[in-house]
Amino acid sequence: GNSVTQMEGPVTLSEEAFLTINCTYTATGYPSLFWYVQYPGEGLQLLLKATKADDKGSNKGFEATYRKETTSFHLEKGSVQVSDSAVYFCALPLWGGSQGNLIFGKGTKLSVKP
Amino acid sequence: GAVVSQHPSRVICKSGTSVKIECRSLDFQATTMFWYRQFPKKSLMLMATSNEGSKATYEQGVEKDKFLINHASLTLSTLTVTSAHPEDSSFYICSAQANPNEKLFFGSGTQLSVL
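Protein chains in written order, with our numbering: chain R, 1 to 114; chain L, 1 to 115.
No lab work stands behind these hints, which were simulated from the structure alone. Note that this is a predicted model, so its numbers are computed, not measured. Beta carbons are placed, not taken as given, at the ideal position from N, Cα and C, and that holds for glycine. Watch out, some of these pointers could steer you wrong.
Said to hold, decoys possible - Estimated spans, in silico, between C-beta atoms of each pair: (1) R:Thr20 - L:Lys41: 16 to 26 Å; (2) L:Glu52 - R:Asn22: 30 to 40 Å; (3) R:Ser85 - L:Gln111: 19 to 29 Å; (4) R:Lys113 - L:Arg10: 40 to 50 Å; (5) L:Pro100 - R:Ser3: 19 to 29 Å; (6) R:Ser3 - L:Lys103: 15 to 25 Å; (7) L:Cys13 - R:Arg67: 29 to 39 Å; (8) R:Ser3 - L:Thr57: 15 to 25 Å; (9) R:Gly9 - L:Gly61: 32 to 42 Å; (10) R:Tyr39 - L:Lys20: 44 to 54 Å; (11) R:Arg67 - L:Lys14: 43 to 53 Å; (12) L:Glu63 - R:Tyr39: 38 to 48 Å.
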């Protein structure tokens, strides 16, 4: 099956700093790739996704580009805010192309200080 | 957006007892629900996939007799950890999906501690 490796945290940044959270994967074929976010006390939510190579997913100022040559899907944001403090998970389907049977990275906890 | 409610959020039990965790889709019908488990500092791992009205499909290495999954209705799936032991202590999360390849909605998780 597929697998994912995610940069471990925790990551602590000051407001307006640049954020990168690394994610690399191994997969058969070219599955969709996802970033999920979990805010304190809430369930995981889809942050962004990319469905094919060279696609860029974006949402709430976050971006990630599906790079098949480096098998990576790094999450970036140019200027983080305190409200971005959360745990971020990189994910892809465990097998096949289904969006449901996801395998997740270990999660990276981001804390943004004012 | 759609809401998935998971209950309880935290449970502490004695070794040898069974614990039931509920996962409800509050405003949509979930044909498929998924159960995940996360060990401290480890990845969130898929345990099983359950489709309403049929038996759950367990991932390799997950004991189906230990982790009983029931998905008797389109809005409710339950995970029962039978004869729990300290090594079953973990964070369990469910997710629900209305139709294949549609968006997943997650519960907020259940922290199980077995003494």
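Q.
So, against the hints stated earlier in the document, which numbers end up violated here?
A. When the structure is compared with the hints, numbers 4, 7, 9, 10, 12 turn out to be violated.
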